[in-house]
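First to last, the sequence lines map onto chains B and E.
Going by our numbering, 299 is the number at position 299 of the first sequence; the sequence numbering is gapless.
Our numbering runs 1000 ahead of the 1-based position in the second sequence.
Everything labelled a hint here was simulated from the structure, so no lab data went into it.
On a predicted model such as this, the values are computed, not experimentally measured, just so you know.
By construction, the Cβ of each residue, glycine as well, lies at the ideal position given by its N, Cα and C atoms.
Do not take every clue at face value.
[Stated by the list, open to error] Not everything, but these chain B residues come out facing chain E in the computed CB check (under 10 Å): (1) Asn48; (2) Val109; (3) Lys118; (4) Tyr166; (5) Val193; (6) His216; (7) Arg221; (8) Gln224; (9) Gln229; (10) Arg363; (11) Ser391; (12) Ser424.
[Unchecked claim] Pairs of lysine to any residue, SDA-like flavour, derived with a Cα cap of 25 Å: (13) E:Lys1081 with B:Gly167; (14) B:Lys491 with E:His1176; (15) B:Lys491 with E:Trp1163; (16) B:Lys168 with E:Leu1055; (17) B:Lys168 with E:Leu1105; (18) B:Lys168 with E:Lys1081; (19) B:Lys168 with E:Pro1091; (20) B:Lys191 with E:Leu1105.
[Stated by the list, open to error] What the simulated footprint calls covered on chain E by chain B, stretch by stretch (three residues with Cβ under 8 Å from a Cβ of chain B suffice, anywhere in the stretch; the number is not a length): (21) 1044–1058; (22) 1072–1086; (23) 1114–1128; (24) 1204–1215.
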Amino acid sequence: MPALKRIFSCVLAVGALFGVTVSAQPTQSNTVSISAAFEFTSLDPSKNGFVYSRMQVLETLLDANESGLLMPALADRWDVSDDAKTWSFHLRDGVRFHDGRLMDADSVVNSLAIAQVKHGALRNAPIESIRALDKSTVVIRLSRPYTLLGAVLANYANGILSPDAYGKDGEVLALSATGPYQLYQFAPPHKLVVEKFEGYWGKKASIPYASYLTGHRAESRVLQARSGQVDIVFGLDPASLPSLKRLPNLALYSNAIPRTIVLKLNSGHRFLNDVRARQALSLAINRQGIAKGILRVPGSETEQLLPASMSNWHLNNVTNETEATAGTAESLLASLGWKKNAKGILEKEGEEFHLTMMTYADRPELTTVATAIQAQWQAIGVSTKVEVTNSSAIPMGHQDGSLEVALISRNYGFIADPLGVMLSDFGVHGGGDWGAMNWNNKAITADLTVLEETSNPVKYKATAQRSAQIIFAERPMIPVSFYVQQTSVNKRVKGFRFDPFERSYFLNEMEFVKP
Amino acid sequence: MKAMLLKRALQLVTVVWGVGTLTFILMRSLPGDMAYRIAASRYGQDNVNAQAAALVREELNLDQGAFAAYWQWLVDLLQFKLGHSLVSGLPVADAIQHMLGHSVLLALAGLLVSVLIAVPLGLLSAWRGNPLDSVLMGLSSLIRAMPVFVLGVLFILLFALHWNWFPVAGFGTPAHLVLPALTLALSLAAVSNRVVRDSAKQVFRAAFYQFSRVKGLSAWQTFRRHGARNIAVPVVAFFGIQLVSMIEGIVMIESLFSWPGIGHGLAHAIFARDIPVIQGAALVMGVLFVALNTLVDMLCLWIDPRGVREA
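With these hints in hand, go ahead and build the complete structure from the sequences.
Laid out in structure tokens, this is it:
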């Protein structure tokens, strides 16, 4: 009898082992597959944290909801002292890292201290000290009030990892974080597979695996969606939408994201240092034509930087007719002394109005939009050379002063509060690498400094509105169009929702529809 | 044979040093600030600024002189160290193993299928002549005129979308290999079937071949004894060249099918100014090319030992 029992146990053990082996493999039926355009190369959150945050491996102390309001995450509540210089974060109980270790204040301090010396918004925050008050409280002391701290801590670069995840120099050796999914396969720069984490503190995932595949070409991604071999495809080419809409197995989503196609101008350039010249260039752009004909998203055209969802900064009184009150492009340029020569190009004191516009191919729509603007400016007599280069040439051109015009795609939701980007783009130095250039406006410098320290929402909105109005009137940047993220979701997956701040794919809320 | 191998070993050392040095000089002479390029690839387009570039410059000691950097590379190379990627921080050897492994797999699979297509078609074309020869000529020209990218999309439409037999893109299972390999194979076979046909036609017309028929051998016996080897020499040499050029030249296929090969990886490394990856990849590819050429030469010598003296 004992022998029989032993055999039976062995059979059971082997069966269980076999069962585990079989189920512990990602297959099409137990994996939700995602395809998007961006590659990842490193485990370090400061470099490629966006992908780990979206795949729900990485979590931060605070989260942001779809309106950009801060929400509890690894800290379930936080207090700010009366002088707004001491922030206390009370950590959630029972949070485990993927390596099994319990999260405590020391591990959070360790992660933040490492993030602070790496590239990211935390490095620029006026932090005096980050320390653990007790096992579950982290206190951050600031040298001056800084309302952005919460939004900065919600950025993926400041994700909390287990102390064992780091090497001795702070390099990330393993991605032991706290999310509902943990790393299963890491094959940079194309493939990432994550596996459900049973020890998750919040809503546990129902789908066992999720995979992320970099699909460089929009054509391939569309075909992946059509074939049903990939469940969720981000960044679809708008031209393919009508044919995808006809497929019964796909649901399509169009969501506005706080990203804007915008022209960065060198306001110190001799042709552009008068606001009338900048207004004329803005008036000459047929935004509706670009939105409809090139981006194929009618209605995405914009005269201002930030969308209506960022209500503090969005100007309700601005329409496409508002700027036309200044005059026409031709009359504004004529008032500056520019006259068309025999070639149809504007000329003043023997010099032709010629500009070089830089752009980059990381986002293919930029090059097409650049050539459309080139033609539209040509019509008013401004000759433009379009130079397609690496995106790094833009901050470099800003720094060495050689940049004249650049067509860029600016993400204002990079930090949940757009003030972070506004400060770096229009802050104390008269602009920033991706913002205004050689444009100094004392009123906006003062306003942005006030905003950094203001926690009163009424005062905040009034100040932000004034800043937005100055930027619109002065045109140091010329907005062209907002971005709309086009996504297809296979109907075998339910529970999809889109995060406009692109922080999470909400994989743990998804389920497979039972056949 | 020994002399040839010795010569090739010497060639290998020259290639390793030459390729590495040339890559170094070319990368250093490219326009633009390296620190900004690396920062853009490390932190993404939204997150690159002067501060990121300064951080990269300091961390990687980019301000050190070119000669010092070159000397360091040479010293590391002598110790078989390929270093770490400037972008990801991961060991170059691992990145190359991942990328080159996938490229070689794809290239070999593509070549094998192309041989299976090109050899029978080329021989048939030479043997039967017109109208089959003209039809194949037309087809080959059509496929060659078509960018390989279009061919890939056509295959995806047919095999992945219409019949749903194979995945559209990705890697990791044998099924993922089929469409990129087939695309590659067809574009290669479009040229190589003509090479097989020309070689076969030349042999079929040769006096020794005609004589063997006259002396009473059957068509099959003639082909086996006097045809196959003679046809094979230029064909094998051509396939060798194709394999070499394929490993570096399948960027479009890799991109279309999201295949993590060296062509695509190298292109990205160049954009990012990731010099250790570029040098490492160029180096390994240089070694691979010498090895492949040696292999092809050995194969040709084995097929036609008359070439021994020239080698």
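Okay, the hints, checked on the actual structure:
Satisfaction of the interface hint for B:Asn48 is found here, the shortest Cβ-Cβ separation to chain E being roughly 8 Å, below the 10 Å cut-off. Taking 10 Å as the C-beta contact cut-off toward chain E, the hint placing B:Val109 at the interface is violated, the least distance being around 22 Å. Taking 10 Å as the C-beta contact cut-off toward chain E, the hint placing B:Lys118 at the interface holds, the least distance being around 8 Å. With a cut of 10 Å, the hint placing B:Tyr166 at the interface with chain E is violated, because the nearest CB-to-CB distance is about 13 Å.
Because the smallest distance between the Cβ of B:Val193 and any Cβ of chain E comes to about 9 Å, under 10 Å, the interface hint for this residue holds. Look at B:His216: its Cβ gets to within about 5 Å of chain E, closer than 10 Å, so that hint holds up. Of the supplied interface hints, the one on B:Arg221 holds, with its beta-carbon coming within about 8 Å of a beta-carbon of chain E, less than 10 Å. Annotation: B:Gln224 was flagged as interfacial toward chain E, and the flag holds, the nearest CB pair being 5 Å apart, inside 10 Å.
With 10 Å as the threshold, the beta carbon of B:Gln229 comes within range of chain E, its nearest partner Cβ sitting at about 5 Å, so the hint holds. Interface restraint check: B:Arg363 against chain E, minimum CB-CB distance 8 Å, threshold 10 Å, status holds. Look at B:Ser391: its Cβ gets to within about 4 Å of chain E, closer than 10 Å, so that hint holds up. Given hint, B:Ser424 at the interface with chain E, holds; its Cβ is 7 Å from that chain's nearest Cβ, closer than 10 Å.
Restraint check: the Cα-Cα separation between E:Lys1081 and B:Gly167 comes to about 21 Å, which is no more than 25 Å; the hinted pair holds. The straight-line distance between the Cα atoms of B:Lys491 and E:His1176 is roughly 24 Å, inside the 25 Å bound, and the hint therefore holds. About 20 Å separates the Cα atoms of B:Lys491 and E:Trp1163, which keeps this hinted pair within 25 Å; it holds. A C-alpha spacing of about 19 Å is found between B:Lys168 and E:Leu1055, which places the hinted pair at or below 25 Å, so the restraint holds.
The straight-line distance between the Cα atoms of B:Lys168 and E:Leu1105 is roughly 37 Å, outside the 25 Å bound, and the hint therefore fails. Our distance criterion of 25 Å between C-alpha atoms is met by B:Lys168 and E:Lys1081, whose separation comes to about 21 Å. Distance restraint check for B:Lys168 and E:Pro1091: the Cα-Cα separation of roughly 17 Å lies within the 25 Å cut-off, and the hinted pair is therefore satisfied. For the hint pairing B:Lys191 with E:Leu1105, the CA-to-CA distance comes to about 18 Å; that is within 25 Å, so the pair holds.
Counting residues of the stretch 1044–1058 of chain E whose CB falls under 8 Å from any CB of chain B gives 11; the rule of at least 3 is met. Against chain B, the stretch 1072–1086 of chain E contributes 1 residues with a C-beta closer than 8 Å to a partner C-beta. That does not satisfy the three-residue criterion, and the hint is violated. A count of 0 residues in the stretch 1114–1128 of chain E with a Cβ less than 8 Å from any Cβ of chain B is obtained; the coverage claim is therefore unmet, three being the minimum. Interface restraint, the stretch 1204–1215 of chain E with chain B: violated (0 residues with C-beta to C-beta distance below 8 Å; minimum three).
Checked against the numbered hints listed earlier, the structure breaks hints 2, 4, 17, 22, 23 and 24; every other hint is satisfied.
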